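Chains as they are written, first to last, in my numbering: chain V, 227 to 768; chain R, 688 to 1005; chain B, 105 to 457.
Since the hints were derived computationally from the structure, they do not count as laboratory data.
Keep in mind the model is a prediction, meaning the values are calculated, not measured.
Ideal Cβ positions, reconstructed from N, Cα and C, are used throughout, including at glycine.
Take the hints with a grain of salt, since some may be wrong.
[Said to hold, decoys possible] Cut-off 16 Å, straight-line C-alpha distance, at most; resulting in silico cross-link-like pairs (EDC-like, lysine to aspartate or glutamate): (1) V:K577 with B:E352; (2) R:K848 with B:D424; (3) V:K765 with V:D418; (4) B:K188 with V:E250; (5) B:K132 with R:D819; (6) V:K484 with V:D245; (7) V:K624 with V:E613; (8) R:K915 with V:E313; (9) V:K723 with V:D418; (10) V:K624 with V:E640; (11) V:K577 with B:E189; (12) V:K316 with R:E904; (13) V:K257 with V:D245.
[Said to hold, decoys possible] Examples of chain B residues toward chain V, derived with CB under 7 Å: (14) F350; (15) L356; (16) P371.
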Amino acid sequence: MSIENKTEFILEMRGLCVDGYSNEGWMPILKGIDLTLRRGEILGLIGESGAGKSTLGAAAMGYVRDGTRFASGSVNFDGIELTIASEAKKNTLRGARIAYVAQSAAASFNPAHKLIDQHCEAPLQHRLRTKTAAQKDAIQLYEQLRLPNPKEIGFRYPHQVSGGQLQRAMTAMAMSCRPDLLIFDEPTTALDVTTQIDVLSAIRDIVRVYNTAAIYITHDLAVVAQMADRIKVLLRGKEIEEAPTRNMLLSPQEEYTKSLWAVRSFKSPSKPAPKEDEKPLVSLHNIHASYNKNDKIVDDVSFEIFKGMTVAVVGESGSGKSTIARVMTGLLPPDQGNVRRMDKRLPLHYKSRSREQLRQIQMIYQMADTALNPKIPVCEIIGRPAEFYSGLQGAELKGRVEELLELIELDPAEYYNRRPSELSGGQKQRIGIARALAADPEIIICDEITSALDQLVAEGILRLLDSLQRELNMTYMFITHDLATVRAIADFIVVMKDGKVIEKGTKEEVLSPPHHSYTELLLSSVPEMDPDWLSDLLKQRG
Amino acid sequence: MGDITFLILKRLGFGLMTLLIVSIIIFFAVELLPGDIAETVLGQAATAETVEAFRNKIGLNRPAFVRYFEWLSGAVTGDFGVSLVTDNPVGTAIAERLSNTLFLATYAAVIAVPVAIFLGILVALLRNTIFDRLTNIATLASISSPEFFVAYILIIYLSVKTGLFPPIANLSGNMSFPELLNRTFLPALTLVLVTTAHMMRMTRAAIINLLAEPYIEMARMKGVSRWKVIVRHTLPNAWAPIITVVALNMAYLITGVVLVEVVFVYPGIGQLLVDAVSKRDFPIVQACCLIFAATFILLNLAADVGAILSNPRLRNPK
Amino acid sequence: MTIDVFVYFAALAFMLVLSVVKERRDLKIIWLFLLVGSILLLIFDKAYVVFTMITAAKVLAASMGAAFLFRLTLRHFVPADFVKEVVTLPLTAAFGLLVILITALTGIFAPWIAPFGEAEIVTSSFAPADQIHLMGSDQLGRDMFSRIVYGARNSVGLAFAATCLAFFVGASAGLMAAVKGGWFDQIAGRLADVIMSVPSLIFALLILSIFGTSIFVIILVAAAIYSPRVFRLARAVGRNTVVMEFIEAARLRGEGDWYLIRREILPNTTAPLIAELGLVFCYVFLLIAGLSFLGLGLQPPTADWGSMVRENAALISFGDVTPLIPASAIALLTISINFVVDWMLHRTSGLKE
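For reference, chain V alone in the conformation it holds in the complex (with noise of 0.2 Å):
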């Protein structure tokens, strides 16, 4: 490395603490942070949405965001105060001695340019290289990186890349000065898993020729595993605990650190499997379906759902399986092929189902935010549905809502008359389900509804609706990516990839070898608990 070792780390910060703005004024984000790191040594930061990891990121290079500041503590990159530093100064150093590798490379590239341009920028502003020598330097990254047509793929522009590729192009924009320190913000998390496999091969390859310092962010514990030397845990802005990474995984020491690590544990019991001449609730067949007539999102499509039992439809990005939601509510009637229940043709548009098959077919949405009214409060979200499918009036009515509202455990008397700002992200999903609920359908679609949510929280849902499904004896259609949802709470599994149906079948024999090919790519890409999984696996295919 060209600078001389003066001190012996890279990045100190000694208590730490930044403030953002909000209604109330400005509130601690960070509440005294202590962080170190040696030269080449990789530091993984773990923690839930609003644990201030994406916010120390950013203070790791000086840099504060719009409505965030600096309160007190330091931040010593290299003998370098960065909190009082010049803008200037901290201008000199980002880019070309600490880098940043964001979360979505699709936002984080400059639809304007093309990627290479946007690679050299950073060389040529610090004067680093020439052109013509920063661009061969691309191309040696992108190499590096193993990005496909590594020649040619800079003089493209970012939106005719896919999303891993970015990725990595990304990563190889923040090497283009050689930096001492990468700071890496969930640079895999908008990816699928069998993409991010490359990803994090290629990323943490690079680190380990350059020898470059890292703070890898990310709230996923399996993933940090295989990247961090050392762990640090964070909750609401305060570290609860700091260990190698073995040590953190083998045995972690805290409460919160323990209760994140047993997340993966739940599991639903399973139930007896349907008899033989018992009809399904709800079956599709050979559904073929598009929004526009060129391009085929979901291609011969048929499985059966049974009462009582839960059917996870499993596969990643584009695979079609939102869209087998929107055909089985009738809001996108298929070209092909019907939805029947109880073997009776359903209409298939909406507008052409009558209210009490509407009323069967409930569901609840991956984005609580978007799927309540943020202007109408709680009793009327839940009230609605049950006014009008079976027209409860006043006390009544009421009754129903706190009836409800206990159902999903929440307390009647607190949240009637909320509305949806004023709950958190769990418990507007909570309410997601209570609407579902309200209208006593025989099916809910539940679309995605874990993905935005923490861990933790995304557990205490899963818990609710298996537990609601055993008390009113409820049926499930759970649409997904994650398989670690499917491990905890699926009876059937529907595999899908590009609009096909892959494979299906009850849980045990989907999830139990032999697979099918696809199936077994998907399922060994899920990263596990194990710093050696990403070497092992990498070994094993070859």
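Following the hints, position chains R and B against chain V.
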């Protein structure tokens, strides 16, 4: 390039359709006249014979759609028929006036557009400072004032009190170019003030909208300075809204100019239109309206095409 | 005048010191610029510019003071939920609200406020202002102040009626198009495109040349010109809401369009729609003022601000500010409304900037 040509052709076709519909509206609106043109123009006192003779003279006895096609095909070649009041051809009356109006609009645009874009960028860079707030108040006041208010204030201060510029912009044939610029300065300045404010606000808004994008944060994380962030990373993506607002204001310069021309007694097409409206000289009203509408539609069309061309996603398809 | 000059420079110097003490660099630059500029102007014998600036400063100070007092008073007259809003109200918006309130009251109580009738000839033409005729008289010898007061009723009332009509038609069609989509959306959208592709003033002139200038025609024309604008906005904000999943949930429940608009969409679109109401009022008001100025609006002897500018325009070349009085009344009201709208839009867009 298939996508983008298709988009542009579609937009062109749509613009042409709109123009056709507008021409139909302009022509047939006059047909809605209680009675008909002859009765309206000649008034109550006219005898049946004179009315009939007048109808024959302007060809009112033929079916409306035949006259529409004649009018439209004439309009394409610059022949808008004959004035009801003076009997002179409308085309020649308009031609000179139109060039005067275009001159005034160009004069204003040449000053307003660069100034507005530069100031808009500057204010975006200085956002949330006191300069930004003061500019916000000033531009807001400027766009919400009526043109004649701005015009009279300018006349009082720059002409009557200080005598810097002439208050009335009447033209004579043998003026030198600097004299012409001096003579028309106040009307041009009025237009500049009103349009600059609007364009500035939109430029600022377009840029500030983009500052929340992750790629702007990324650029700052690369150590790019604030000014370069705006010029290199924001501006290329902000062109579409800026082009749209510039075109809108160009259109305004040509059409909204009516009031300013009246205030300064400027011999432009707006003044002609107003006179024709009060004299109920329908061929001139129709011709002016068609010219104004066509300009308006063409500029909007140009803006849309410009916006399509400035979009990197469309320019470089997958 | 010398006292004024002294106070002016003292105030500038005080502000400059204050901004230095408070370490506000941006304010410091402004006060320094004003102070040095004013001194230079005096040195180079351009005192009249300084006097103009002093007058402007007086007007600004008075407006700010009025706005401040209005804000202080207003907080005692609003329900508890709004006190926070009122306290954080920017001065520009407070000033705007004050002007709107005064204009509305003037318009409503015009006959009681105006000392003379609107068409009454009470003195000689172009009489200067005095104790009886606060703003002097116009070209026929009618009392200017009384005509301004009646103008608040006539001009504003007319524009308000046209705005309400434009708004009602545009908003209901826009929300309906957002919910229904399909052919209704297509046809209404194309119609709006066509109307908007003709410049507004030109369109108005064309129609008025045919149907003549009556109040009824003016209202209809203004409403026809601006309802497409409201339609587009209502449709756009409606669309933004319609794509939300709670609308999908309501649709899948089997709710009708009317319920969707009333219970699910309207509560989420009120803020931008009210802001749009203010803007459309400004446009309508300016359009009608422009028409009146061209002699094609309200017909004499009705008092109307636009026509009053036209009637007295000849005075401008003598440096007389009489025509500026109705013109500034128009500008004051539209600027005020824009201040309020700007604040409302800024508030609903949150702390985006």
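Structure-based check of all given hints:
For the hint pairing V:K577 with B:E352, the CA-to-CA distance comes to about 12 Å; that is within 16 Å, so the pair holds. Restraint check for R:K848 and B:D424: satisfied, since their Cα atoms lie roughly 10 Å apart, inside the 16 Å limit. Among the hinted pairs, V:K765 with V:D418 is inconsistent with the structure: their alpha-carbon atoms are about 21 Å apart, more than 16 Å. Between B:K188 and V:E250 the alpha-carbon distance is near 12 Å, which keeps this suggested pair within the 16 Å criterion.
Straight-line distance between C-alpha atoms of B:K132 and R:D819 comes to about 15 Å, which keeps the hinted pair within the 16 Å bound. Note on V:K484 and V:D245: the hinted pairing is violated, with a Cα-Cα distance of about 29 Å set against a maximum of 16 Å. Among the hinted pairs, V:K624 with V:E613 is consistent with the structure: their alpha-carbon atoms are about 10 Å apart, no more than 16 Å. A C-alpha spacing of about 14 Å is found between R:K915 and V:E313, which places the hinted pair at or below 16 Å, so the restraint holds.
Restraint check for V:K723 and V:D418: satisfied, since their Cα atoms lie roughly 12 Å apart, inside the 16 Å limit. Taking the CA atoms of V:K624 and V:E640, the gap is near 14 Å; set against the 16 Å cutoff, the hint holds. Restraint check: the Cα-Cα separation between V:K577 and B:E189 comes to about 43 Å, which exceeds 16 Å; the hinted pair is violated. With a CA separation close to 14 Å, the supplied pair V:K316 and R:E904 stays within the 16 Å bound.
Between V:K257 and V:D245 the alpha-carbon distance is near 9 Å, which keeps this suggested pair within the 16 Å criterion. The beta carbon of B:F350 is positioned within 7 Å of a beta carbon in chain V (closest approach about 4 Å), and the interface hint is therefore held. Given hint, B:L356 at the interface with chain V, holds; its Cβ is 5 Å from that chain's nearest Cβ, closer than 7 Å. Here the hint on B:P371 is kept, as its CB sits about 4 Å from the closest CB of chain V, short of 7 Å.
Checked against the numbered hints above, the structure violates hints 3, 6 and 11; every other hint is satisfied.
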